[in-house]
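Here are the chains, one letter per residue:
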Amino acid sequence: MTALTILQAGPAMTIQDLGRPGYRALGLTHGGAADPTALHEGAALLGQDPNSAALEMAGSGGQFRADADTRIALTGAQMQVNIDGEPLAWNASHLLPAGATLTIGGARDGAYGYLHVGGGFDVEPVMASRSSHRAAGIGRLLQSGDSLPIGADTGGETSQTLPRDTRFGAERVRIVASMQTDAFDDATRARFTETTFRRDPRANRMGARMDHDGDGFATGGQLTIVSEVITPGDIQITGDGAPFVLMCECQTTGGYPRIGTVIPCDLPIVAQAQPGAALRFEFVDLDEALAAETRHRETLATLLKRRQPLLRDPARIRDLLAYQLISGVVSATADPFEKDKT
Amino acid sequence: MTDWPRIRSVGLSGLLITFAQKMSEPANRAALAFRAAVEAQDWPEVTETSTSLVSTFVQFEVSQEAITTMTDRLRGLLETRDWFAEPLPAGRSLWHVPTVYGTDLAPQLEEAAEAAGVDPDTAIAELSQSRVRVLTIGFAPGQPYMGELAPHWDIPRQQGLTKSVPPGALVVAIRQLIIFTNASPTGWRHIGQTAFRTFRPGSEMPFPLSPGDELIFPSITRQEFDRIANDPTGGAEREALA
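Chains L and A supply the protein sequences, listed in that same order. Heads up, the first sequence is in the numbering used here, so the first residue is 389 and it goes up one at a time. Heads up, the second sequence is in the numbering used here, so the first residue is 354 and it goes up one at a time.
Bear in mind the hints are in silico, worked out from the structure with no lab data behind them. Do not rely on the hints blindly, as some may be mistaken.
[As the list claims (entries may be wrong)] Simulated restraints, written as ranges between beta carbons of each label pair:
1. L:THR581 to A:THR424: 23 to 31 Å
2. L:GLY629 to A:ASP395: 48 to 56 Å
3. A:GLU439 to L:GLY544: 51 to 59 Å
4. A:TRP357 to L:GLY643: 14 to 22 Å
5. L:SER535 to A:GLY555: 19 to 27 Å
6. L:ASP472 to A:THR422: 46 to 54 Å
7. L:ALA679 to A:TRP357: 32 to 40 Å
8. L:ASP601 to A:ASP579: 34 to 42 Å
9. L:ALA679 to A:ASP584: 53 to 61 Å
[Said to hold, decoys possible] On the chain L side, residues computed to face chain A include the following (Cβ under 7 Å):
10. ARG412
11. ALA413
12. LEU414
13. GLY415
14. ILE471
15. VAL514
16. ALA524
17. GLY525
18. ILE526
19. VAL564
20. MET567
21. VAL614
22. SER615
23. GLU616
24. THR619
25. THR641
All residues carry an ideal CB built from backbone N, CA and C; glycine is no exception.
Hey, can you work out the whole structure from these sequences and the hints?
Following this line, the structure appears as structure tokens:
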């Protein structure tokens, strides 16, 4: 079986797919990729199932080598990347030749980058998913020297690219009311939507604290609220009045009140926000939220159609002069019909 | 006409049916019985159900129409009976989980006993004979919140946090017990230690406990504990409840 060896592991690399639904009643959240949109993009670039397991790289990547020619795709936060020193395009698919070294650096416009392989990573599933869920003790952080088995690739094109999505660096995050929204008075809710927050640097797969200047966002009865179900995207207000957006690996129940919940298609904006990035929350009504979700699903469904062949940018080719670039060039001064005249 | 039970929307995820404002045994029983009844309806739209302390959560693909339809159905089902008087659902288990009380393994037994106004021996006698129910599972996979203990065990959480209790720790506060799934900081007092693993990924029964199950924590010696310490079942015995 083909394998990808991690020569040098970044600080927080895990295997992720679309998660493990169905266990909420038993205390296990869905989990899966922090940015599921990136999984769909990688799958479209390689022409495979979006649930194929990929490598999620928080903050920065690492160095890798495959023992056979392998199709790869790179999605999510843009990271510096090269194969044996030759720079590659992000948000694109490539061929990683056997024995070559793939080097992925730090994230430049987001928090989570993804490395996909044709056939997906074939690690042992746990309860029907290959996702690591570290809060639950499933899977682990990947280490230098780990060898990841790769599933059988059905094959297909490489050097395909997708247009860059707008979720990177976006500020506006749409939220809907949830069961405890009306525990906050009108003035508090208004102030919440008028505040520009900064993503706290300590954010992780469980949650992202939002920092702001000024007072907290307390409810009157905050401490007496009985523990209730949590869904990813819920914005809980913790004891000090700071909002905390609960992410894919959050707990299943909690006693802090929720001021609202981020709509699923906007949760990748929060996941991909860089430390200190500005975020604003805007309440939308159910119709608008549902329309946004429908549009998002349509976008995901048409990714395959929107991919395009990757054009090499001459400005990024290092040894440009070694290329024969002038074949077929017609002289501006030559008379193309000269031959016919004689 | 009372305010309860109350149906509220949970973002774009589904509907929450809450039976009371505060934790109580009948409200918890109502939530468990109602979830079982929703499951029995086998509505194709429902993708997942769960319970928290006093609520049932019904997840489905949300739209304006789906919310209206589901709210009507849930109201209809609520009206069929008095959920606070319902028995617990069938298919539950009674677990006997051997526990060391106190010692260096569970250093806060004396402190908890004092907060409850009993001496340590009485505390062990009471705790080891109390039969508690899994009120809900949450915070970590398979982690049970169990109750309710006698009213004098309505002791508050401690002011500071214990830095870390190990997996299998039995802790107490507010008439409830928890067995910790993973090592974790906690404000609850560490009174007993079990070798029972509440989440066993990769095994045939990854989540041994379900909401509604009942548990007893018989007292064992440190020597007996050392014998079962590495057994993930923690020497527990399970019997079916009729």
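Do the hints match the structure? See the list:
At roughly 27 Å, the beta carbons of THR581 (chain L) and THR424 (chain A) sit within the given window of 23 to 31 Å. Taking 48 to 56 Å as the suggested C-beta distance range, the pair GLY629 (chain L) and ASP395 (chain A) does not conform, at roughly 43 Å. The hint said 51 to 59 Å for the Cβ distance between GLU439 (chain A) and GLY544 (chain L), and at roughly 56 Å that hint holds. At about 19 Å, the CB distance of TRP357 (chain A) to GLY643 (chain L) agrees with the hint of 14 to 22 Å.
Checked against the hint of 19 to 27 Å, the C-beta distance between SER535 (chain L) and GLY555 (chain A) comes to roughly 20 Å, which is consistent with it. Taking 46 to 54 Å as the suggested C-beta distance range, the pair ASP472 (chain L) and THR422 (chain A) does not conform, at roughly 59 Å. Taking the beta carbon of each, ALA679 (chain L) and TRP357 (chain A) are about 34 Å apart, inside 32 to 40 Å as hinted. The beta-carbon spacing between ASP601 (chain L) and ASP579 (chain A), approximately 55 Å, falls outside the hinted interval of 34 to 42 Å.
A beta carbon spacing of about 54 Å between ALA679 (chain L) and ASP584 (chain A) agrees with the range 53 to 61 Å that was offered as a hint. Interface hint status for ARG412 (chain L): upheld, as the beta-carbon distance to the closest one in chain A is roughly 5 Å, under 7 Å. Taking 7 Å as the C-beta contact cut-off toward chain A, the hint placing ALA413 (chain L) at the interface holds, the least distance being around 4 Å. Proximity of LEU414 (chain L) to chain A holds as hinted, the smallest CB-CB distance being about 4 Å (cut-off 7 Å).
Hint status for GLY415 (chain L) relative to chain A: holds, with the closest Cβ pair at about 4 Å, below 7 Å. The beta carbon of ILE471 (chain L) comes no nearer than 36 Å to any beta carbon in chain A, farther than 7 Å, and the hint placing it at the interface is violated. Because the closest C-beta pair between VAL514 (chain L) and chain A is about 5 Å apart, less than 7 Å, the hint holds. At a threshold of 7 Å, the smallest CB-CB gap from ALA524 (chain L) to chain A is about 5 Å, leaving the interface hint in force.
Contact between GLY525 (chain L) and chain A, as hinted, is supported at the beta carbon level, the nearest pair being about 6 Å apart and thus within 7 Å. The closest approach between the C-beta of ILE526 (chain L) and any C-beta of chain A is roughly 5 Å, which is under the 7 Å cut-off, so the hint is satisfied. For VAL564 (chain L), the shortest C-beta to C-beta distance to chain A is roughly 5 Å, which falls under 7 Å, so the interface hint holds. The beta carbon of MET567 (chain L) comes within 4 Å of a beta carbon in chain A, closer than 7 Å, and the hint placing it at the interface holds.
The restraint placing VAL614 (chain L) at the interface with chain A holds, with a minimum CB-CB distance near 6 Å, inside the 7 Å limit. Interface restraint check for SER615 (chain L): the shortest CB-CB distance to chain A comes to about 5 Å, inside 7 Å, so the restraint holds. Taken as an interface hint, GLU616 (chain L) checks out: its beta carbon lies about 5 Å from the nearest beta carbon of chain A, inside 7 Å. Among the interface hints, the one on THR619 (chain L) holds; its C-beta lies about 5 Å from the nearest C-beta in chain A, closer than the 7 Å criterion.
At a threshold of 7 Å, the smallest CB-CB gap from THR641 (chain L) to chain A is about 4 Å, leaving the interface hint in force.
Checked against the numbered hints given earlier, this structure breaks hints 2, 6, 8 and 14; the rest are met.
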